[in-house]
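S.K.: Both chains are sitting in their own frames, so use the hints and assemble them into the complex.
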Amino acid sequence: MIQDQSQAKTLLTAAEGARERTRSVLSTNWFPMILFGVLALVSIPVAELWSGMAVAALWLVGAPLGTVATALWYRSRAIEIGVSVKPWPYVVTAVGIVVGCMTTGIAGRGGPLSYAGPLLVIGLGYFLFGLLDRSLLGSGFGAAMATVAIIVFAVQPQHAYTLTMLAFGAGSVLLGLWNLLQDRRTGDVGD
Amino acid sequence: MSETELHPAAELDETVHQRVRLGILAILSDADRATFTYLREALDVTDGNLSTHVGVLAKAGLVTVDKAFVDNRPRTWVRATKKGRSTFHAEISALRKLVGRYQGDIAASR
Numbered sequence: 001m002i003q004d005q006s007q008a009k010t011l012l013t014a015a016e017g018a019r020e021r022t023r024s025v026l027s028t029n030w031f032p033m034i035l036f037g038v039l040a041l042v043s044i045p046v047a048e049l050w051s052g053m054a055v056a057a058l059w060l061v062g063a064p065l066g067t068v069a070t071a072l073w074y075r076s077r078a079i080e081i082g083v084s085v086k087p088w089p090y091v092v093t094a095v096g097i098v099v100g101c102m103t104t105g106i107a108g109r110g111g112p113l114s115y116a117g118p119l120l121v122i123g124l125g126y127f128l129f130g131l132l133d134r135s136l137l138g139s140g141f142g143a144a145m146a147t148v149a150i151i152v153f154a155v156q157p158q159h160a161y162t163l164t165m166l167a168f169g170a171g172s173v174l175l176g177l178w179n180l181l182q183d184r185r186t187g188d189v190g191d
Numbered sequence: 001m002s003e004t005e006l007h008p009a010a011e012l013d014e015t016v017h018q019r020v021r022l023g024i025l026a027i028l029s030d031a032d033r034a035t036f037t038y039l040r041e042a043l044d045v046t047d048g049n050l051s052t053h054v055g056v057l058a059k060a061g062l063v064t065v066d067k068a069f070v071d072n073r074p075r076t077w078v079r080a081t082k083k084g085r086s087t088f089h090a091e092i093s094a095l096r097k098l099v100g101r102y103q104g105d106i107a108a109s110r
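Sequences listed follow chains A and B, in order.
Taking the working numbering, the leading residue of the first sequence gets 1, the next gets one more, and so forth.
Taking the working numbering, the leading residue of the second sequence gets 1, the next gets one more, and so forth.
Just chain B, with the same shape it has in the complex (with noise of 0.2 angstroms):
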């Protein structure tokens, strides 16, 4: 490694490297818009965690929150922002290079 290289780890975004965040991103990555009720379960957290993770994301400007009524239910949406979308491509891009840098210690140390 070059001096002037960074560090994997000096790539990642402090916003998103945390597991409901990074989840949350994960899943509105590939899908247009998800429910709180669906982001809760597919992530196992509560309803007080999770709204706190997303006020983050949203106030970082990474997703956004839409309220409708749908049959006379309130649902809460969750859609990623194009920002949003580009900082969890470079969080994974970040995330595996310091893994391969990780499983390269280990086949180094062996």
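Chain A on its own, in the form it takes in the complex (with noise of 0.2 angstroms):
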């Protein structure tokens, strides 16, 4: 019998460590983490130097094509790494944050609601994603810029608009070259 648990010590430790990895190969996001963080940094000088219909065509355009071109990515990748990552709960929870983004900035035109509505959108959608992917720093981040649309919305800061995509895009590019360091370094480890 001491055999047989010994047995499965082994094979636990085989199964779970075989789990980890696979894990940690499909929580790699630093495409759509980069690619919205410099959108987010983009759009300050637009809205500084422009108007805010002139941010509004560039998330009306950037989102959803940010999307289409994050969904391509991670199917390129599945097919060159041969494993893929159930799509369904990104695809709703991106689509959602699309959505949401778009229904509070118009509702919000003019007002806090404007800029910090998408900002609590984009905050919760991140920690979905960081739940997904059990990633502590990406639900951590989502929280934080939670935190942030919210403190804004109170406090109405100037230059609000500006401080939170400074906040979110700088923010989301640190992760995503982060993540992208982690990620060639696994795959360093896997050649």
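The hints are simulated quantities; they were obtained by calculation from the structure and are not laboratory data.
No experiment lies behind these values; they were computed from the predicted model shown.
Watch out, some of these pointers could steer you wrong.
Lysine to aspartate or glutamate pairs mimicking EDC-like chemistry, simulated, CA-CA at most 20 angstroms apart [stated by the list, open to error]:
#: 1; chain 1: B; residue 1: LYS67; chain 2: B; residue 2: ASP47
#: 2; chain 1: A; residue 1: LYS86; chain 2: B; residue 2: ASP47
#: 3; chain 1: B; residue 1: LYS82; chain 2: B; residue 2: ASP32
#: 4; chain 1: B; residue 1: LYS67; chain 2: A; residue 2: GLU80
M.R.: Structure follows, in structure tokens:
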């Protein structure tokens, strides 16, 4: 019986190891993190130099295009590495973010909801992505963005859009670069 | 332990109580699907060995196998069925119970 139990421990360790490695490969998200982070940073000078309409146009075009580019990236990555994540929870969350941002952005036109609302939706969306990826860093970033959105809505500081997009854009790019570095390291080990 | 309570070993599933087959289901429990190549490299087995184990799982209805062409190259994708996922979770739960009992035995003997 002791032999059975010792074998059980070996099997359990091997299965949990295989599962952990696959989770690590599947939680790679540097492409959308960098893409949307850069889009947020690009929107700052647009807001400062042009108008709210120009920012709205940038996001109306950029967000759906970015979502499609992200879907294509995940698809091509799955074919390249040979393993894919269950897509529907991610698709539903991404569509929820795009629709939520547009709704709060349009509904709050001219007021604090126009910039705090989308950031709150993005924060909650990233929090969900973090949960799906089992990433403490990802869900922590999402929660931080949602908190920033609530604070900005309450305080309504000057240049609120610039501040919120700077926090989101810089954070997203940095997390994306960190994830890219991790991905390259894992790839090296796999090679 | 009461007389009617079964030993955790009785809950183990013969089909999946094997390193490669449990490994395949472990990978597929979190992934939507995985290629033969990914499974072979992740589990460090030969093509023939993997093929045999995937065949056993497919016969038991725990995985499905689909062949598709990507860039004119054949790809074999393996996916866990609902039954496969629940069997995997039941097996992991039984293994954890067994290991817990083993550690309890060791502690008691000290």
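S.K.: Find the hints from earlier in the document that the structure breaks and name them by number, from lowest to highest.
M.R.: 2
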